[in-house]
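K.L.:
Line by line, the protein sequences are chains U and D.
So for the first sequence, our numbering puts the first residue at 31; every next one is plus one.
So for the second sequence, our numbering puts the first residue at -1; every next one is plus one.
Hints may contain errors.
[As the list claims (entries may be wrong)] Cut-off 20 Å, straight-line C-alpha distance, at most; resulting in silico cross-link-like pairs (SDA-like, lysine to any residue): (1) U:LYS72 - D:LEU37; (2) U:LYS135 - D:GLN106; (3) U:LYS72 - D:PRO68; (4) U:LYS32 - D:GLN106; (5) U:LYS138 - D:LEU37; (6) U:LYS72 - D:SER5; (7) U:LYS135 - U:ALA47.
[Unchecked claim] Distance windows between CB atoms, simulated: (8) U:PRO143 - D:GLY38: 20 to 28 Å; (9) D:ARG61 - U:GLY84: 36 to 44 Å; (10) D:ARG61 - U:ASN85: 37 to 45 Å; (11) U:SER83 - D:GLN16: 39 to 47 Å.
In case anyone wonders, no lab produced these hints; they're calculated from the structure.
From the three backbone atoms N, C-alpha and C, an ideal C-beta is built for every residue, glycine too.
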Amino acid sequence: QKEVEQDPGPLSVPEGAIVSLNCTYSNSAFQYFMWYRQYSRKGPELLMYTYSSGNKEDGRFTAQVDKSSKYISLFIRDSQPSDSATYLCAMSEHGGSQGNLIFGKGTKLSVKP
Amino acid sequence: DAGVTQSPTHLIKTRGQQVTLRCSPKSGHDTVSWYQQALGQGPQFIFQYYEEEERQRGNFPDRFSGHQFPNYSSELNVNALLLGDSALYLCASSFAGRGSDTEAFFGQGTRLTVV
Chain U
31 QKEVEQDPGP LSVPEGAIVS LNCTYSNSAF QYFMWYRQYS RKGPELLMYT YSSGNKEDGR
91 FTAQVDKSSK YISLFIRDSQ PSDSATYLCA MSEHGGSQGN LIFGKGTKLS VKP
Chain D
-1 DAGVTQSPTH LIKTRGQQVT LRCSPKSGHD TVSWYQQALG QGPQFIFQYY EEEERQRGNF
59 PDRFSGHQFP NYSSELNVNA LLLGDSALYL CASSFAGRGS DTEAFFGQGT RLTVV
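I would like the entire structure built from these sequences, with the hints used as guidance.
P.N.:
What follows is the structure, given as structure tokens:
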């Protein structure tokens, strides 16, 4: 079993839809959870950074962490064609400066106008 | 504020050759990590540099080596290139000083093709 599992999709939704992206993990020591967006042939762009369990909201994006279930989610409200990209979940035992990040494979999202 | 910058953006090398990739961290950051991202996969951790020393290393062979300079910039060297080394190489920077523990920001990557 891989440390981080992420459904690679692809996922196709109409503009304005609510998108739900998920990852599961096996290492209970993970405490830091991140979502990155990666456009084709570009580097990952940090979207959300959360510590431990709970919710965090930033504009149209909401990140949820459920450590008891080892499950994290990213919700995108009112999705736009510009949201079309690959979304990577990442996690680590320590913060970004002290630990290596373990990534999922990424979910490819396409938002159709 | 310049973000993380990497050079070159693209590179083609022949099997068996050696390559050096470069990274300048985001202003104010002191820690640099390198990742390899194969096509269709998530990035995989190669190693991390802090205070000019390798602090952590992932599951990569000794052909992969690095260096961090006093200005916090970093190089990734790969010797005896294999076809399987073809990938997007990503540099990420963060700040670890004074007990801080910030998120990692990535550069645009260097796409290496080994032929």
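K.L.:
Going straight from one Cα to the other, do U:LYS32 and D:GLN106 come out at no more than 20 Å?
P.N.:
Distance of about 26 Å is beyond 20 Å: violated.
K.L.:
Could you grab the alpha-carbon distance between U:LYS72 and D:LEU37 and see if it respects the 20 Å cut-off?
P.N.:
Distance of about 12 Å is within 20 Å: holds.
K.L.:
Does D:SER5 sit within 20 Å of U:LYS72, going by the straight-line distance between their CA atoms?
P.N.:
Roughly 13 Å separates the two Cα atoms, so the pair holds.
K.L.:
Check whether the Cα positions of U:LYS135 and U:ALA47 lie no farther apart than 20 Å.
P.N.:
Distance of about 23 Å is beyond 20 Å: violated.
K.L.:
Is the distance from the Cβ of U:PRO143 to the Cβ of D:GLY38 consistent with 20 to 28 Å?
P.N.:
holds, 26 Å
K.L.:
Kindly confirm whether 37 to 45 Å is satisfied by the beta carbon distance between D:ARG61 and U:ASN85.
P.N.:
holds, 43 Å
K.L.:
Is the hinted pair U:LYS135 and D:GLN106 satisfied, with a Cα-Cα distance of at most 20 Å?
P.N.:
Measuring from Cα to Cα gives roughly 18 Å; hence the hint holds.
K.L.:
Take the C-alpha atoms of U:LYS138 and D:LEU37, compute the straight-line distance between them, and say whether it is at most 20 Å.
P.N.:
holds, 13 Å
K.L.:
Does the alpha-carbon distance linking U:LYS72 and D:PRO68 stay inside the 20 Å limit?
P.N.:
violated, 28 Å
K.L.:
Starting from the range 36 to 44 Å, see whether the pair D:ARG61 and U:GLY84 falls in it by beta-carbon distance.
P.N.:
Roughly 42 Å apart at Cβ, these two residues keep to the hinted range, so it holds.
K.L.:
Given the hint of 39 to 47 Å, check if U:SER83 and D:GLN16 actually sit that far apart at their C-beta atoms.
P.N.:
holds, 46 Å
The structure fails to meet hints 3, 4, 7 from the earlier list, while all remaining hints are met.
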